[in-house]
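Undergrad: Construct all of the structure, not just a fragment, from the sequences and the given hints.
Here is how the chains run, residue by residue.
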Amino acid sequence: METVEQIKVRLEAAVPGLEVEVIPNPNSAEQPSLRMGLTHILAAARFLRDDPSLRFDYASNVTGVDWLDQTFQERQRQRVLVDGAEREVEITVQRIRPGYLEAIYHLYSMELGHGPLVIRQRTANRTDQCRLVSLTPIWRGAEFQEREIYDLYGVVFEGHPDLRRILMWEGFQDFPMRKDYVEPDDYEYEPTPHDLVLEKARLHYGHGGRS
Amino acid sequence: MNAEVNITSTRPQLPPGTVMSYHLQRQSAAGGDAESDLLEISMGPHHPSTHGVFRMDVVLDGERVVRLKPVFGYLHRNHEKLAEGMTYLSSMPFTDRLDYFCSMTNNWAYALAVERLAGLRPTERAEYIRVIVAELTRLLNHACLIGFLTHDMGTMGTPLMYAFREREKILDLFEELSGARMMCNYMRFGGVRVDLTPGWVAKAQKLVAEFPRFLDEFEKLLTTNEILLARSQGVGILPRTLAVNASVTGPMLRASGVNYDVRKVDRYGIYDRFDFRVPLGDHGDVYDRLMIRFLEMRESLKILHQALRDLPGGPVMDPKAKLRSFRPRPGEVYGRIEAPKGELGFYLIGDGSPNPYRYRVRPPSLVNLTVLEDMCLGHTVADVVIILGSVDIVLGEVDR
Numbered sequence: 001m002e003t004v005e006q007i008k009v010r011l012e013a014a015v016p017g018l019e020v021e022v023i024p025n026p027n028s029a030e031q032p033s034l035r036m037g038l039t040h041i042l043a044a045a046r047f048l049r050d051d052p053s054l055r056f057d058y059a060s061n062v063t064g065v066d067w068l069d070q071t072f073q074e075r076q077r078q079r080v081l082v083d084g085a086e087r088e089v090e091i092t093v094q095r096i097r098p099g100y101l102e103a104i105y106h107l108y109s110m111e112l113g114h115g116p117l118v119i120r121q122r123t124a125n126r127t128d129q130c131r132l133v134s135l136t137p138i139w140r141g142a143e144f145q146e147r148e149i150y151d152l153y154g155v156v157f158e159g160h161p162d163l164r165r166i167l168m169w170e171g172f173q174d175f176p177m178r179k180d181y182v183e184p185d186d187y188e189y190e191p192t193p194h195d196l197v198l199e200k201a202r203l204h205y206g207h208g209g210r211s
Numbered sequence: 001m002n003a004e005v006n007i008t009s010t011r012p013q014l015p016p017g018t019v020m021s022y023h024l025q026r027q028s029a030a031g032g033d034a035e036s037d038l039l040e041i042s043m044g045p046h047h048p049s050t051h052g053v054f055r056m057d058v059v060l061d062g063e064r065v066v067r068l069k070p071v072f073g074y075l076h077r078n079h080e081k082l083a084e085g086m087t088y089l090s091s092m093p094f095t096d097r098l099d100y101f102c103s104m105t106n107n108w109a110y111a112l113a114v115e116r117l118a119g120l121r122p123t124e125r126a127e128y129i130r131v132i133v134a135e136l137t138r139l140l141n142h143a144c145l146i147g148f149l150t151h152d153m154g155t156m157g158t159p160l161m162y163a164f165r166e167r168e169k170i171l172d173l174f175e176e177l178s179g180a181r182m183m184c185n186y187m188r189f190g191g192v193r194v195d196l197t198p199g200w201v202a203k204a205q206k207l208v209a210e211f212p213r214f215l216d217e218f219e220k221l222l223t224t225n226e227i228l229l230a231r232s233q234g235v236g237i238l239p240r241t242l243a244v245n246a247s248v249t250g251p252m253l254r255a256s257g258v259n260y261d262v263r264k265v266d267r268y269g270i271y272d273r274f275d276f277r278v279p280l281g282d283h284g285d286v287y288d289r290l291m292i293r294f295l296e297m298r299e300s301l302k303i304l305h306q307a308l309r310d311l312p313g314g315p316v317m318d319p320k321a322k323l324r325s326f327r328p329r330p331g332e333v334y335g336r337i338e339a340p341k342g343e344l345g346f347y348l349i350g351d352g353s354p355n356p357y358r359y360r361v362r363p364p365s366l367v368n369l370t371v372l373e374d375m376c377l378g379h380t381v382a383d384v385v386i387i388l389g390s391v392d393i394v395l396g397e398v399d400r
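Taken in order, these protein sequences are the chains called A and B.
Residue 179 in the working numbering sits at position 179 of the first sequence, and the numbers go up by one each step.
Residue 352 in the working numbering sits at position 352 of the second sequence, and the numbers go up by one each step.
What the hints contain is simulated information worked out from the structure, not anything from laboratory work.
Check each hint, because a few of them may be wrong.
[To be verified] Residues from chain B that keep clear of chain A, each with C-beta distances beyond 12 angstroms, as calculated:
no., residue
1, K81
2, N185
3, A209
4, L215
5, N368
6, V398
[Claimed, not checked] DSBU-like mimics (lysine-lysine), calculated; alpha carbons at most 35 angstroms apart, straight line:
no., chain 1, residue 1, chain 2, residue 2
7, A, K179, B, K169
8, A, K200, A, K8
9, B, K264, A, K8
10, A, K179, B, K69
11, B, K220, B, K203
12, B, K320, A, K200
13, B, K169, B, K220
14, B, K206, B, K81
15, A, K8, B, K81
16, B, K302, A, K179
17, B, K206, A, K179
18, B, K264, B, K320
19, B, K264, B, K302
20, A, K200, A, K179
21, B, K302, B, K81
22, B, K322, B, K169
All C-beta atoms, glycine included, are put in the ideal place defined by N, C-alpha and C.
TA: Below you can see the structure in the form of structure tokens.
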């Protein structure tokens with residue numbers, strides 16, 4: 001199989017205007033992945049499936065990941081005026097990397113027997129722009145798994161033929177696989193609450209665990 | 001990949017003028033009669049044929065299926081979220097509960113993914129033990145599936161009890177090995193939990209030597225049975241292109257004629273050392289899916305025979321593997337194995353902490369259900385039952 005970098009070059013040539021970058025894998029023994037922009041991803045996926053030397057005809061695993069907002073500190077050198085003289089000092093700046101939801105596809109080729117190629121697409125943020133492009137028109141195998149991402153992460157897949165909740169029931173409000181999901185208050189009265197139950201009782205009643 | 005066996009040549013056919021002709025008549029009557037009212041029924045979750053709490057929203061035109069939507073989630077417990085909140089090792093017992101028929105292969109798939117994340121290698125003896133228990137699991141899963149499937153066709157449990165008798169012998173071996181019949185929790189990162197008990201290999205060899213007799217009997221009992229042929233041949237055909245596009249894996253895919261077995265493609269573990277073939281069907285109907293299981297059991301017996309013969313001595317755990325404060329390096333990994341039901345994969349994102357940041361199970365039964373509607377359209381309700389049976393689902397894995 002061609003390396004991820006080679007595939008990236010070929011993708012850029014085949015699908016003009018496609019935004020694609022190589023995401024390194026911190027685990028050096030494993031493959032890096034390709035992140036693609038949403039505008040031309042359907043054409044890129046079709047290219048990956050139909051190109052005779054790639055032939056990724058089998059989307060094995062489709063999954064979502066939730067990345068929260070991350071604050072990290074960055075050290076910067078800055079020139080400031082100290083006692084009338086300009087000096088270079090080091091200051092720390094707090095930066096926030098906005099969170100996003102991600103859909104990851106593991107592609108293999110049944111015809112040529114190679115793989116995996118990992119492709120990902122990311123939403124703009126975690127709150128009001130959780131839209132991604134469904135790749136179910138290219139790989140039917142993504143149908144239930146994209147539904148599952150919609151169900152558990154709240155990613156809306158545009159172009160999905162049947163986007164409904166799949167594991168949780170219709171009418172359920174939240175998205176339980178998100179990192180900031182809060183479990184519902186399902187405390188039931190117990191005469192002698194202890195351990196976890198005591199903790200739940202405390203949260204439920206708002207004070208020492210008694211009604 | 002060239003070693004394969006095709007089952008067409010051995011496929012028995014019904015003589016003309018038997019039950020099959022009735023079957024063909026039913027098929028030709030499918031057209032016409034557009035005036036009839038559509039009936040929407042809910043099959044399950046307590047229908048006896050649904051293999052667990054599984055429901056199908058079926059729209060019927062007379063007795064023909066015109067729409068079918070699988071509904072599941074009744075056993076959903078968010079296994080993935082639970083695993084994100086605990087250490088890597090604590091999830092191992094929970095993987096047993098995914099496909100509760102095949103806890104050994106679930107363990108193996110998870111151990112394989114974590115080992116690749118952490119850069120561990122299981123010892124030689126552990127690799128052999130893993131192959132042995134995984135192939136035993138395949139035997140019991142396929143035998144029971146044939147039992148369930150024929151039970152769905154109306155054999156009233158006799159073949160199922162035969163299969164369960166053999167399964168119990170294998171579960172006895174597992175119990176001796178791990179202390180539990182079904183929830184084995186046997187594998188660890190870098191090996192297996194305990195070594196084989198004295199005399200275990202001899203018992204397993206005895207089982208492997210006796211199993212073909214059961215298989216012969218089983219096959220003779222079922223595969224040329226007229227009713228079985230009439231019920232299963234030409235029913236629930238899954239075309240090859242659709243099977244690939246819909247990510248169907250395992251015996252179901254191979255029954256449609258696609259030569260794809262992760263044991264051969266990835267050669268994970270030590271599967272490159274064994275001589276076995278990949279059986280293929282070419283009709284892709286329920287009958288092929290049934291026969292594939294028979295043939296795969298024979299191939300598994302071959303692997304078992306070789307593995308039990310070549311089993312080396314030595315430790316069963318990588319001495320570098322740690323049980324406490326186990327922190328694999330950061331990164332992401334997708335490890336997959338050929339479980340009895342199809343490709344079972346674990347996708348892990350580690351962030352260097354003792355818990356996985358993301359833990360994902362790629363369940364074969366869930367993905368194989370994608371094509372259930374395509375296979376059932378135009379068939380009768382009675383056929384839906386056996387088509388679902390031939391998919392081989394376990395709801396512990398579908399719902400997670």
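Undergrad: May I ask which of the numbered hints given earlier this structure violates, with the numbers listed in increasing order?
TA: Structure breaks hints 1, 5, 6, 7, 8, 12, 14, 16, 17, 21.
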